[in-house]
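Protein chains: 4
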Amino acid sequence: MRKFIKGNEAVTVGALYAGCEIYFGYPITPQSEVLEYLAREAEQRTGMVVLQAESEIAAINMVYGAAGTGKKVWTSSSSPGISLMQEGISYIASAELPCLIVNVQRGGPGLGTIQPAQSDYFQTVKGGGHGDYHMIVLAPATVQEMSDFVKLSFELAFKYRNPVMILTDGALGQMMEKVEFFEQQERTFEKLDWATVGKPKNRESNVITSLHIKPDKMELINIHLQKKYRQIEEKEIRYEEIMCDDADYIITAFGLVARICTRAAELAREKGIKVGVFRPISLYPFPYENIKSFNGKIKGILDVEMNAGQMIEDVKLSVEGKTPVEFYGRMGGIVPTPEEICEALENHIAGGRL
Amino acid sequence: MRKFIKGNEAVTVGALYAGCEIYFGYPITPQSEVLEYLAREAEQRTGMVVLQAESEIAAINMVYGAAGTGKKVWTSSSSPGISLMQEGISYIASAELPCLIVNVQRGGPGLGTIQPAQSDYFQTVKGGGHGDYHMIVLAPATVQEMSDFVKLSFELAFKYRNPVMILTDGALGQMMEKVEFFEQQERTFEKLDWATVGKPKNRESNVITSLHIKPDKMELINIHLQKKYRQIEEKEIRYEEIMCDDADYIITAFGLVARICTRAAELAREKGIKVGVFRPISLYPFPYENIKSFNGKIKGILDVEMNAGQMIEDVKLSVEGKTPVEFYGRMGGIVPTPEEICEALENHIAGGRL
Amino acid sequence: MRKFIKGNEAVTVGALYAGCEIYFGYPITPQSEVLEYLAREAEQRTGMVVLQAESEIAAINMVYGAAGTGKKVWTSSSSPGISLMQEGISYIASAELPCLIVNVQRGGPGLGTIQPAQSDYFQTVKGGGHGDYHMIVLAPATVQEMSDFVKLSFELAFKYRNPVMILTDGALGQMMEKVEFFEQQERTFEKLDWATVGKPKNRESNVITSLHIKPDKMELINIHLQKKYRQIEEKEIRYEEIMCDDADYIITAFGLVARICTRAAELAREKGIKVGVFRPISLYPFPYENIKSFNGKIKGILDVEMNAGQMIEDVKLSVEGKTPVEFYGRMGGIVPTPEEICEALENHIAGGRL
Amino acid sequence: MRKFIKGNEAVTVGALYAGCEIYFGYPITPQSEVLEYLAREAEQRTGMVVLQAESEIAAINMVYGAAGTGKKVWTSSSSPGISLMQEGISYIASAELPCLIVNVQRGGPGLGTIQPAQSDYFQTVKGGGHGDYHMIVLAPATVQEMSDFVKLSFELAFKYRNPVMILTDGALGQMMEKVEFFEQQERTFEKLDWATVGKPKNRESNVITSLHIKPDKMELINIHLQKKYRQIEEKEIRYEEIMCDDADYIITAFGLVARICTRAAELAREKGIKVGVFRPISLYPFPYENIKSFNGKIKGILDVEMNAGQMIEDVKLSVEGKTPVEFYGRMGGIVPTPEEICEALENHIAGGRL
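One line per chain: the protein sequences are D, Z, A and F, in this order.
Everything in the first sequence is counted per the working numbering, starting at -18 for the first residue and increasing by one.
Everything in the second sequence is counted per the working numbering, starting at -18 for the first residue and increasing by one.
Everything in the third sequence is counted per the working numbering, starting at -18 for the first residue and increasing by one.
Everything in the fourth sequence is counted per the working numbering, starting at -18 for the first residue and increasing by one.
Think of the hints as simulated: they come from the structure by calculation, not from any bench.
With a Cα cut of at most 27 angstroms, we get these calculated BS3-like pairs of lysine-lysine: (1) 52(F) to 52(Z); (2) 278(F) to 303(A); (3) 140(A) to 52(A); (4) 140(Z) to 180(Z); (5) 273(A) to 273(F).
Distance windows between CB atoms, simulated: (6) 33(F) to 252(D): 56 to 66 angstroms; (7) 198(A) to 178(F): 44 to 54 angstroms; (8) 192(D) to 182(F): 34 to 44 angstroms; (9) 327(A) to 209(F): 21 to 31 angstroms; (10) 221(D) to 216(Z): 36 to 46 angstroms; (11) 320(D) to 46(Z): 40 to 50 angstroms; (12) 179(Z) to 252(D): 54 to 64 angstroms; (13) 333(D) to 216(Z): 21 to 31 angstroms.
Short, incomplete list of chain Z residues facing chain D, as computed with Cβ under 10 angstroms: (14) 60; (15) 65; (16) 66; (17) 95; (18) 101; (19) 102; (20) 109; (21) 195; (22) 198; (23) 204; (24) 289; (25) 315; (26) 316.
What you are looking at is a predicted structure, and each value in this text was computed from that prediction instead of being measured.
For every residue, glycine included, the Cβ atom is placed at its ideal position computed from N, Cα and C.
Chain D extracted, bound-state conformation (with noise of 0.2 angstroms):
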C-alpha cells in the first residue's frame, strides 16, 4: 500500500502493519498523532489494545508488563515524556524483554520548545538510566524509514530480547511523504519459550524480573548482556555513506539533518570542494570502525546535529585523534540551512582547522 502521510502517522500505521498488539502512552507535543490515529484505527481494526495511560511512568510500567508476556509492545513520546521513562526502560533492559519506544525529540532542556530537536543522542545512547546498558537505536531520516524501521525494530527486539528506541525528531514527524508499506505481519504471537503466559505442567515457572540480590548473580547477568551487545555491535550496524567515495571532507549527521547535509554537501561541491555525508543508521551500535577508516583519506569531519554537540564524541572517539573533528550546532527546536552547514564548513577549513 501506498500513502502520503505524515511521519508520526507512517510510525503508527507502520506498527498496524507490522502486527503489533499493544500500544501504551501519553500526549505529548509533537508526537501526539500517533495516539490519535492509533485511536481511530483501533477502533476498526478491533483486537487491539491501545490505552491512554496516567502518565508516561504508567506507560513504560505497562509497557515492561505487556512485554513480559511476549507481545509486540510499544510506546511513543517526546523528550521531557522519555526522561520519565529512563527507570522504566532500565528495567525493560534488564530483564531482557523485546519492546518499541519512539522519540519524537523537542528542544531542551527543560520543558523547552515544540520544535524539532537531536539533543536527546547523549541520553538515548550512552544511557539515560542508571547500570549498564543499551537499547538498540535505529535514526531515520526519511518519513518511509519511520515505517520500515518499526518493522525493524520489532525484529531486533525479539532476535535479541532488548528493547529497540528509534530516535527521530518533532520535524520528521510532521513532514508529510510519500511511503511504500510493507505487508501485513502476523499479529499472533508464537508461543515464546521466556514469555509468561501460563506455565505448561513440563517446565518451571519464567520469572521475570530485575532484582537479583546477590552480586554474584548480578554480575554474571551483566556479564551475560555485555556478551549480547558485543553481539549486536558485530552484526548490527547500520548507515549509509553518500558521495563518500572522492571526497575530501565528511559530514557526519543522522535523522532528517543527514538529508540536510546532503544538500549542503551539494552546494559544496558545486563550489568545488568535494564532500560526502556519513549517517550512521543504527546509533547504538555505532559505526565507529567505519568512521575510522576514513582515516588518511580525509582531510576532516564536519560533525552537524541539532544540539549542541553529542554525536561527536563518538565520531571523536572513531577518528583516534587522527582526522580533525569540527562541528557545527543548532538548538532549542531551529533547523539548520544547507547553506549555513555550507558556510560552516567553508569557514572551518579557511580556518585552517580541516
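Since the structure of chain D is already known, use the hints to place chains Z, A and F on it.
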C-alpha cells in the same frame, strides 16, 4: 567537630553544617540513613524542613520548587530513584536553579542489587535527562570528602545557578571513617535577585520556567547555558594525582575505586612496575587536558571502574589515540580488590597491550 | 452452563457472559481472584481488554474514559480501594455514564482486616463522593446472584446511564456454590447516540463532562439527575421477603447476612417466636415503603449488619417511629452466627425493647 | 487582634493563631486563598511547614504521617479534592490521630461549578470513606466562626484523638467580615505519650497503624472507637436556636444558609408567621434530641439546604415521624434568597403539608 561516622551520615551532617534548609527524598537502599538521620536531627534542630515525598518524582519536583526560592535544598537517592528524577533534573538545569542531588549508586541495571557500583557515570555525566545540559559532578573518595563536598556543592551550585551531583556508591555510604567537620554555615539566605520570594515594587516579577515556545528564544537560552558550561569547564576542574610523577603506567579511577587502585599501584611498585593513579574529582567538568598531558610520558593507561566501562570513553577522548587505554571492571555490585587490579595491569603489560 | 465456583469468580464469569468488553482494576484482598481469573480468561477469549492500572484512581478514571465510548466497562476492588475511587465515581455519576463497580467489602476503617464486613453501606448508599448523586446499588446474597446481578447491573446502567455498584463482601467472594450461568450476551455495542465514538457529519459532537462553570447550568443538570433518581426510586426497588407473612418480628439484613438471619429466624421459630426476614436487594433505591408497610402488623424489627449500624438509619426512616427498631452487629471482619442473632433477638424481646 | 477579612483567610489566620505547625494541601477553587495566604505568612513566621503536595492524595497521607508525631497539622480543599482524601481520612480515623480538614464546598457532583454548595453533607457526616468511623464536623455560619472553629477543632481533635472537619462553602470562604482573633496559642507541643517522636528507653515503641489482620483484634478496635463516638455524642453537641421559643414553625439549616434562613424567618414574622431557626453547629455529633424536643410544640419543620436534601434525613430521624418535615433546596452552586425560602414555607403551609 570530629566524628567517627558512616559516609551517608557524613553527607547528612555536612548538609546540616552547610546550612541546608530543605530536604525532600524517598527511601531507597543503600542511602536510607540520610533520611533517617535527618529525621532525627531535624527534630532537635528545629526549622529545617525534612519531608519524605510520595515518590522520587515528587521529591525532585519539590526540589525544583524550593530551589526557586533561593534556599539551600537537596535530595538523595540511589540509582533507580535517580532515574526517576531525570525529567526534573533537566527542568532544574534549564531553569538554572541551584540544588544538590546525591546518588549513592547501587548495582544495575534495573532493580539490580543493593551493593555498590559506579554504573551511573554515563547517566550523570553525559546527561540522563533530555536536552543539552550539565550538572556539576563531584566524586568523593573518602568519608571526609562526603562531608566536604556538600559545602563545595552549594558554593558551586549558587555560583553558577546549576544543579550539582555528588556521585558516590553504597560502599562509601556504609563505610565508617573519622571526619573533621567544617564550621557551621549560615542557614538564612541573602535575598537573591533571581529568587521568587515576593516581588518588591521596584522590579518586575521573577519568572522561573523551562518552557519557551519560540525556538529562537530557546536557542538563546541554550547559547547562554553553553557559555556557562565553558566557564565551568575552564575554572572548576578538580583532580588528584598519586605517584604520577615518575609513573610508567597510570590507573584512572574515580571515587572509592581510586583508593583501591592506589593500593594496587603500591603492590605494582613492590613488583618494580612504576604505577601512578589519576583520580578525576570533578567528573563534569572532566580533566581532559590533564590526562592528555600524560601523552608521551607514559606507556599506557588502565582505566578501572565498577561498571562495564563508562569513564573510559572520556579517558580515550583525552589521549586522542596517543596512549593505549585498557579497561578493568567489575559489575553488579562487586568491588574489585587491589590484587586483581594489579594482576589485570600485569596481564595487559605482558600481553603487549599496554 | 453450570459451575461450582467462588463468588469472586462468579462475578467475573458473569462479566464475560454479560459481554463486558473492558476491565480496569488494581489488586486488593479479598477480591484479587477477579483480576487473576480475568487475566486467564482474556488470554483465551481474545479481544477483551483487561488492564491492571497503576492504582485504583487510575482504574476508575480509565473506567470513566472507556464508559464514554458506550462500551461495557467495569472495575472491582475492596473497601480502601473503593475509597480511592470516590472522586471518579462522582464524575461518572455527574457525566451520566454507565459502568459497573464491584465492592467486595473487608473490615475497616483504615487498612483494617481482610475479613468480610458490610461497613461501606453509608459510603455506597449515601454518597461517598461529593455532590448529590446516587449509584444504583445491588447486594447479592448468593454466588448465583453474584453472577446474575452483573447482567442486571449492565441493563440498569445503560437504561439509566448511571453507575451501578454490586456491594458484596469477602465471605461471599470466597464462598463456593453452584451457579447456573445466563446466556452469552452480545459484546458488540449498538451505536449509542450519546457515546463519543466518532462524530457523524449530521450531528454535533458529543461532549462528556462534569464541569459546568455556570451555576444555573449546573442546577439544571442536578434537576435532571434528581428527576432520574425519582424514576429509579419508583421502578427499580428490589427486595426479598422470607417468612414475613405471619411474622411478629422482622429481621432486616442485606447480602450474605440475610441468609444467616434466615437460619436465625428458623431457630427462633423452633422456639415459638414468629420471625421473618426482610432483605433489601436494591440498597439504592431503598425499599422504604415496603418496610413501612409492616407498621401495625409487627411488634418490632431487629436490624442485623456486619458493621456498627448503618442501614438501620434507612430502616428507621422507613417506619417513622411507629415500630421499634433495634440493632445487632459485629465489626472488624467478624461474621455473626445464627445462634447469636437469635439470642440477641430474644434478649431484646425479654428486655421489652422489641 | 481585629481584622476585616475573607472567610478563607480567617481560617488561615486562625490556624496561625492556633499554633498549627504543618499544612499540606493542593490548590482548588474556591479555597485557593488558604495556600496562598499561608505561603506568604510562613515566609514571615519562619518555622511553619507549608507544602503544596503533589495531589490531594499526597496531602492527606502527609497529614496522616505528620499527625502521628502529635503536631498540629491540617489541610484544606474543596469537594472533588476532599473526595480524593477519603481513603486517607478513614486511615487517620482508624489510627486515631488528631488533625483538621477544611472543606470549602462547591457545587457538584463531578467537577461541577466553583460556586458554593452544601452537597457534601452525606460524605462528611455519614462516612465518605470505608468502614465505621466518624469525623467531628463543625459548620461555621460567620467569618468569625471560620476562625474560632479552628481553635475549637484542635482542642477536640487532641481531646479525642480524632480528625475534625470544618464544613463550609465557597460563599463563606469568599465573604468578608470583621473578625476578632483569639490569642496566640503555643506552637510547641507537649510530648504526647502516643506520638511517634522517638522512643524513650523506659517504654515500648509507639506504633501507629490501621492494619490489624486478626478480625477479633479489629473488632476490639471498633468497639473502642464506638465507645469514643458515644462519648462525643454525649458531650460535644453544639447548636444555635434563633427565635425558637415561641415558634410555630422551625427552619433547620446549617452554615451560611442558617443566616439566610434567619432573614427568611424575620420576613415570615413580618407576615405573622412565627418562625424560628435551628442551626446544628456540630453536624457530627448531630443534635437529634434537641430537634426531637420540638415534637408537640411546633406545627412543622422546613429543612433548607444548598443541595438535593441531605441533612433532612437526620432531621427526620430526630422527629421520628411526629412532626412533618418538608424541604427546600437549591443545587449546583445557587444560593437561595430569604424571599424564596419564606415563599417556600408559605406554600407548604398553604398546601397543608406543614
